[in-house]
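A.B. asks: Going down the list, the sequences are from chains A and B. Each residue of the first sequence is one higher than the one before, counting from 1 in my numbering. Each residue of the second sequence is one higher than the one before, counting from 1 in my numbering.
There may be inaccurate statements among the hints.
What the hints assert, rightly or not - One side only, chain B facing chain A, incomplete, derived with CB under 8 Å:
1) LEU150
2) GLN535
3) GLU538
Simulated from the structure, these hints should not be mistaken for lab results. All C-beta atoms in this analysis are idealised placements derived from N, C-alpha and C, irrespective of residue type, glycine included.
Letter by letter, the chains look like this.
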Amino acid sequence: MPSDTPYAETRFVHVLRKPLQLRGELHYGGAGVLGKRVDAPYRETTQIANDEVTVQREGKSARRFSLERAPELEALLESFSALLGGDAAALNRYFTLSLDRRDAAWRLTLTPRSHDLAKHLRELIVDGRDSAVRCVSLHEADGDASVMRMGAIADAKFADPPTASALDVLCRGADR
Amino acid sequence: MRAIALLIAWLAALAALAFVAQRTLVVSSDLRGFMPPAQNADQKLLLDQIGEGPASRLLMLAIEGGDNNAMRARLSRDLAHALQGDAHFARVLNGETDVAALDPKLLPYRFLLSPTLDTNRFDADYLRDQLQQRLEDLASPAASLIKPLLARDPTGEVLALVQRWTPAQTPRLCDSVWCDKSGNALLLVETHAAAFDPNAQSAAIDALRAALARLPGNGTVRLTISGPGYFSVVAAARTRAEAEWLSALGTAGFILLLLVAYRSPRLVALAALPIASGALAGIAATALVFGPIHGITLAFGFTLLGVAQEYPIRLFSHRRAGASAQASLAGVWPLLRLAIVSACIAYLAFYASGVAGLQQLATFTIAGLIVAGAATRWLLPAVLPVQFRDVADAHWLERFRLWLDALPPLRWLPWSVFALALGLIALAPTPLWQNDLAALTPLPPELLKREGELRAALGAPDVRYLLVLEASDADGVLGLSEQISAQVEKWIADGKVDDVELPSRYLPSLATQRARQAQLPDRATLAAALAQAQQGGEFASDLFTPFLDDVAAARALPPLTHAAFAAAPLGARLTAMLSKRDEHYLGLATLAGVHDPAALATIAQRTQGRVHLLDLKTASESLVASYRARIGAALLVALVLLALAVALAFRDLARAWHVIAPMSLATLAALAALRAGGVSLSLFHLVALTLAAGLGLHYALFFERRVDDAAEARRTLHATVVCVASAVLVFGLLATSSVPVLRAIGATVALGVAFHFCLSIVMARNARK
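I would like the entire structure built from these sequences, with the hints used as guidance.
C.D. replies: Rendered as structure tokens:
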């Protein structure tokens, strides 16, 4: 079932002085088709379809590269599709899963099974409440991380720049 | 007693000769050895390409079956690892290592190799824009690709080079190795052996299969092999298998025929001795003169030596009561000797052709015929059993002789045959010549289908077309390659070709590298521009020091020559594309997916011929055509020599005409029959026609002989009937083959022999009435 969700992403990258903050919309177009639009601070559209990644930036010609050049990305895409499509078997193929529930809130931690994927990705954490996903957080093997807030909490206000712990508290949703 | 001793000595000599021949015989199967010298540059290149062309030496492999992708990928890795050290293979590719990766030692050269500096300067504006893009990259799915080299390469030259060096079509990856849509693991291996050397290819393929068989878990998978080299092995094996089966059947039929004709198993066994002696002598003589013998020489030589099978038959049929075997043979020996000598003189024409393969063939055949004839004359009669049955006593033979004698002269027949043959040849609907040798050993369609699938999945280069660039040195080739690269990109954009692998894709010319080097700013200028670009930016301030170091290093580097680049992972690729020939250099650019060869061929006009499209198929066909022209000329000269020899021996032009005319007309008639049947002629037909003519010469010579004794005439008739029956039987069987090349030889000889027999009766035997 195709769907669109607004998001706000905070990226902690060690070569940068402060975290990157992006805003935009995620698009899920069914198995294998994923889109990510960045609206701010710049405009960019990334499309993943037919095993090809296309990155289109304003005023620039599109750049394409095969998903096969980035196998870890392929696994990630498959798991995203599985997550959004509710396909637990497909998720299980790439990750070991552990679920932590606190009342209506839950946290699903996905740890890569394959060595290739683990070289890049330490874990993938999905936080949610009831049937809604609140955050998707990627923790990379080199210590960099990305936290993506989905839907309603995308607009939550933070100190600038937000800290990892403040984001974690928000994502867990234990404040209610 | 003396006969038995002689027989034992003869057999011992044959065994010794066979042993020596087997020990010293080196059979070469490289087709180039049998080809005529190249007449033009394209043919020369073709002969090299057959041996050295990287595209034709690629085998495409697919590992199918097994449990899952992971298992096939593991086998692919293990197989590649096992083949890496194997002497049969030049390289093994399975996608495991990224061939497009830049050698870390060459990293500072990236500014000279990448086209970035052709259009940009490393000033503050450019760097600011690049840094902003890297920032955006870090937030995109491409982050993991750029992060490792970000500090050294903020302008993204490494990724630009990877993109430039990656072929337009690369195979998919499953578990980090190449695979097709169904998840079968794919590999490319390059053999050292030439594609058209089936023996060497077969050894490489055996090594390949053996390597897979040693890997754990190989039992559940299937290995599919495809490519020109594999096809030559399949075609050779298929031809050999069918030839062996049909000749075994033919031999059995021949033995049965001799048993019926002479009622003596011992005679039949002895009949094999002269031809065995001839064959061994032929091998020995050829090996002595030339060293290694070509496989085709052996195959054609044994075919042509078939004439010698007649010698013992003549001896057996002409034995008569009250005379020793020697004395019986003495009556027909002058004719037999004339046949042998004139055939040998005719084959001298092959020797004069100047083609190594034909010279070997002539040596083999001449030595074989002389030894087989001498053995029949001086050895065979001495070992024959004393008891024999005079074939002249057979009643059917007398009836047949009387029937032949009663035939009307049929003087109109030769002229009608001549006119009809000319008419059929002139009106034949198909092309006269079959230039495509591959058509003679066609491959099963499913093999070709799989080849197409694998070639598409692997993006492997086209084996038919090449772009040839000529310049005075290697750097000149690279410069020429840069000149046409814009045109080539237009071709790709217009869909005329899928990909062209130009040498300058990997290494720019020295001039281009120097021009780019001159655009690199000095350290202080670059540091200032970088600081300006980073103002208020997100990146840590001293992050890009490695970038400053690399640019400083690149400014002082000597430009990269093709010799220095040869050590890089892609160096082997470039080396294979550049070759020195005489006093100049050639660059060979491989093409993938050629859709419009005519458009590509126009590049020759635009570059004053310095770049041209080489069509290997056309070049090979022209080579075969010139080869065939030489054989044709040799055959004509042979016929003239033959006529001269016969005329000289007879000292009577009318008698010589009675021998030569039926032989020539029958050859023409056989040709006409083939053409009327829609057959296009090839080398193999010519060789078969030559054999048939050699046999026909015997029929005409013996029928032309005047004998007043009816019994002796019956013996001649008997010998000829046995000879004709055996030739039609053996070659008629070959004509039923499913392999066109065997069918060509079989049908041509069988047809030819039938024509020679009938026309010899009318034009040599009955003409004197």
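A.B. asks: If a hint holds in the structure, say so; if it doesn't, say that too.
C.D. replies: Evaluated hints:
no.	hint	verdict
1	LEU150	holds (6 Å)
2	GLN535	violated (12 Å)
3	GLU538	holds (5 Å)
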